[in-house]
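> Keeping the supplied structure of chain R fixed, place chain D upon it in accordance with the hints.
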Amino acid sequence: MIHMDPKVIGIGTAVLLIAIFFAVVLAPRYTNPESLTPSDTHRDRTALEEEGRRHYISLGCQYCHSQYIRPTDWDLGSERVAQAGDYAREKAPQLGSLRTGPDLSQQGGEHTDDWHVAHFYNPRWVRPDSIMPPFPYLSERQRDSLIAYLQSLGGTDADQRVARQWYWREQAIAAYEAGPDENVRWLHAQVPQGWLEVPNPYPVTPANLKRGEVIYQRNCLGCHGPVGDGQGPAVNFIYPPPFNFTTLHRHGLAGGATGGMLYYQIMNGITGTAMPYFKRELESAKIWDVSNYVATQFIGLSDANQEPKGIDASYEPFH
Amino acid sequence: MDWILPTTPGSASRRFLVSGAFWLLIGVTLGLIGAIQMVAPDLFPAHELLTFGRIRPTHINVVIFGFILSALYGGMLHVVPAVCRTTLVSERVAHSAWWIWNGLILAMFITLPMGLTQGREYAEAIWIIDIGILLSVAVLIYLVFGTIAKRNERLLYVSVWYFAGGLVWTFFVYALGNVVWAPPAGAWEGINDQILLWFYGHNVVGLVITPPSLAMAYYIIPKATRTPLYSHSLSLLGFWALIVMYTHVGTHHLLQAPVPQWLKVISIVNSIALIVPVFAFLTNVWLPLKDRFGRIYEDVGAKMVFTGTIWYFLTCTQGCFQSLPSVQRVTHFTQWVVAHAHIALLGFAGFIAMGTVYFVLPRVCGRPLYSKRLADFQYWLILLGTIGIFLSLTFAGLIQGEAWLNGEMVYRVLPQLKIYLVVRGVAGTMIVISALLFIYNVMMTVLSQRQTSEAVDAEPDAPALAAHTPAQEEAPA
Numbered sequence: 001m002i003h004m005d006p007k008v009i010g011i012g013t014a015v016l017l018i019a020i021f022f023a024v025v026l027a028p029r030y031t032n033p034e035s036l037t038p039s040d041t042h043r044d045r046t047a048l049e050e051e052g053r054r055h056y057i058s059l060g061c062q063y064c065h066s067q068y069i070r071p072t073d074w075d076l077g078s079e080r081v082a083q084a085g086d087y088a089r090e091k092a093p094q095l096g097s098l099r100t101g102p103d104l105s106q107q108g109g110e111h112t113d114d115w116h117v118a119h120f121y122n123p124r125w126v127r128p129d130s131i132m133p134p135f136p137y138l139s140e141r142q143r144d145s146l147i148a149y150l151q152s153l154g155g156t157d158a159d160q161r162v163a164r165q166w167y168w169r170e171q172a173i174a175a176y177e178a179g180p181d182e183n184v185r186w187l188h189a190q191v192p193q194g195w196l197e198v199p200n201p202y203p204v205t206p207a208n209l210k211r212g213e214v215i216y217q218r219n220c221l222g223c224h225g226p227v228g229d230g231q232g233p234a235v236n237f238i239y240p241p242p243f244n245f246t247t248l249h250r251h252g253l254a255g256g257a258t259g260g261m262l263y264y265q266i267m268n269g270i271t272g273t274a275m276p277y278f279k280r281e282l283e284s285a286k287i288w289d290v291s292n293y294v295a296t297q298f299i300g301l302s303d304a305n306q307e308p309k310g311i312d313a314s315y316e317p318f319h
Numbered sequence: 320m321d322w323i324l325p326t327t328p329g330s331a332s333r334r335f336l337v338s339g340a341f342w343l344l345i346g347v348t349l350g351l352i353g354a355i356q357m358v359a360p361d362l363f364p365a366h367e368l369l370t371f372g373r374i375r376p377t378h379i380n381v382v383i384f385g386f387i388l389s390a391l392y393g394g395m396l397h398v399v400p401a402v403c404r405t406t407l408v409s410e411r412v413a414h415s416a417w418w419i420w421n422g423l424i425l426a427m428f429i430t431l432p433m434g435l436t437q438g439r440e441y442a443e444a445i446w447i448i449d450i451g452i453l454l455s456v457a458v459l460i461y462l463v464f465g466t467i468a469k470r471n472e473r474l475l476y477v478s479v480w481y482f483a484g485g486l487v488w489t490f491f492v493y494a495l496g497n498v499v500w501a502p503p504a505g506a507w508e509g510i511n512d513q514i515l516l517w518f519y520g521h522n523v524v525g526l527v528i529t530p531p532s533l534a535m536a537y538y539i540i541p542k543a544t545r546t547p548l549y550s551h552s553l554s555l556l557g558f559w560a561l562i563v564m565y566t567h568v569g570t571h572h573l574l575q576a577p578v579p580q581w582l583k584v585i586s587i588v589n590s591i592a593l594i595v596p597v598f599a600f601l602t603n604v605w606l607p608l609k610d611r612f613g614r615i616y617e618d619v620g621a622k623m624v625f626t627g628t629i630w631y632f633l634t635c636t637q638g639c640f641q642s643l644p645s646v647q648r649v650t651h652f653t654q655w656v657v658a659h660a661h662i663a664l665l666g667f668a669g670f671i672a673m674g675t676v677y678f679v680l681p682r683v684c685g686r687p688l689y690s691k692r693l694a695d696f697q698y699w700l701i702l703l704g705t706i707g708i709f710l711s712l713t714f715a716g717l718i719q720g721e722a723w724l725n726g727e728m729v730y731r732v733l734p735q736l737k738i739y740l741v742v743r744g745v746a747g748t749m750i751v752i753s754a755l756l757f758i759y760n761v762m763m764t765v766l767s768q769r770q771t772s773e774a775v776d777a778e779p780d781a782p783a784l785a786a787h788t789p790a791q792e793e794a795p796a
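The listed protein sequences derive, respectively, from chains R and D.
Counting in this note's numbering, the first sequence runs from 1 upward without gaps.
Counting in this note's numbering, the second sequence runs from 320 upward without gaps.
One chain only, chain R, in its complex shape (with noise of 0.2 Å):
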């Protein structure tokens, strides 16, 4: 048995102790240079970014949101499985333990400037179930450290993405400045012509407008506002301004149907504008039965129910 002394308890301890650290931290440390040799997307932050890493590191962004993503993500980012390399040159990595909000480790050209803007001044005007806290108070200088560091995660794959919105941007503003009638034709000619031809192929029913409400309150009011017509929260600060739905009912069906291309936006967003896209988070039957709100409450004009529609799915009611 042990004579338990304070030599033992002292010096023994503290070898153990020892001993195992050089075990499980110094040797994974000095055994895998993997760990040390950045990956292919790695490129080294501008000042700014760094900047911006500071006040994330700061402000305790980590406490919500991680920076790694798992082989079993879907959300934000599942492009990617996160490498040891990716975090070669970072000090302290903001690898994160919780997901209260979603992963940011691939941010980098999911958004916009301006949409980015937006939701650090208030969270809920782009996303109104969000739970973020309110950044109103960063000077302007942080938050657009904040926003180019956010826009540099994923390294040289944010690099393209971010391009991408850039390219976009352009000509969504281009087609803003010509004035309505332009704009319209602009976003209709984004549109696949197969979508053009598709009418929402469920008949506009009370349920289906209730859900409709129900998803475009928890999804589009802060820009479109609760009556469609663009004046949603965040308006002033996303330049292309949101779309203002009401303009459309002069346009007709001429342009085509409106239920394949509400349905088209909705699903594939518009990059380069602060319009996301949807289709991770919305399935198929939600985003035609929001399009069928949007289309009879704030376009006044449904192409639903027409033809042609198909064979009636099962549950459909007769009329």
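In case anyone wonders, no lab produced these hints; they're calculated from the structure.
Honestly, I wouldn't trust all of these hints.
Taking lysine-lysine pairs in the DSS-like style, the calculated list, with each CA pair at most 30 Å apart, reads [stated by the list, open to error]:
#1 K210(R) x K286(R)
#2 K91(R) x K583(D)
#3 K309(R) x K286(R)
#4 K286(R) x K737(D)
#5 K691(D) x K609(D)
#6 K279(R) x K309(R)
#7 K210(R) x K737(D)
#8 K210(R) x K279(R)
#9 K7(R) x K469(D)
#10 K279(R) x K737(D)
Quick look at chain D alone, frame taken from chain R:
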């Protein structure tokens, strides 16, 4: 000078206990603010000092270092001399440790909301505070080992092993984990930094907080029930297994991150093996109670400590299985982990820390607790609050984890969590009220001039371990 560094025996212990009760109130109030923000993010004025990302680390650091460790160190400064049948090597040095320690907690309470952080979970405090912590731990090491050196009792009771060992581990774990040799960042580069961080992060629980908690339980339960421990061999097994197993498990926080596979395997195997020291301890203090259970109820401090050991059983059993990849597949990144952390820190260590205050404070003040009934009410309030937090966050975590695996986006699951986060807020409110009652009871005990006719303790607390032999361990008298 005598007010700053008094020499009255027990006075340093008293100050540590009182400051622990005070920081409990601050710590849980911060937690409640954060909990409310997760339900109503626009309720408080938008200000950087109040933003969730700064409230949360402040909450954690104040609770761990301010409340739990202050209270347990207060108990330690009473127990170590008591079971060594001597006096503290220097009451003045103990008081200086108290001043430094509380100055550091105050510094954390100010710097963390200002955003002065090293950005590493549980290791947020800036370098100068890290150095201060190491300094005060060094002073405590001197106090404990110095007192042991002048003991009048040949054999060291198991509580002393844990206090002494725990302080040595705290010093090394804190220095290594905070990378104190590399200011100001206090971090390594790359994913290895996170391996180091979670070596530290888990050992803050396992080797910094657990040893003094177990030491207090090993002291208070046998003493309150006047029952010897079950077995000396189990004491030894629990102690040595704790240091060997706990040090290996940190990487179970990174099972889904790109770190070496062999390291993950080591962390899982050792996490399961933690069952050994946990059950060695529990068997040792629970088994002798089998026909003396009623005695626990006679003393509110002992009751609280005993409840802490039940939380220890729950949190450590859960923790073992939570280290399995198949469990983490669902639970990782979710509120489940927050629930687990609350039963470990508030349930286990927190209950033992509060029990320590209730049990030791009357002994170092020389008068009984101001109100046993209030203490009993406070016990039930915080017990229900802790259960409420545990259940609501566990449910919320399961909803998150299963929904994500099912392909749901983080954003879409948020509305489903709301009711659970509201329940958590209600439970948190109970805990804050309970902390208020606690500090009230403590202050009334300390400030009351009422001298007791009723003896606090049957015997004066210079315990005799005369019957203590390695084979048959006696309760500290």
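> Okay, which hints does this one fail, numbers in order?
Checked against the structure, no hint fails, so every one of them is satisfied.
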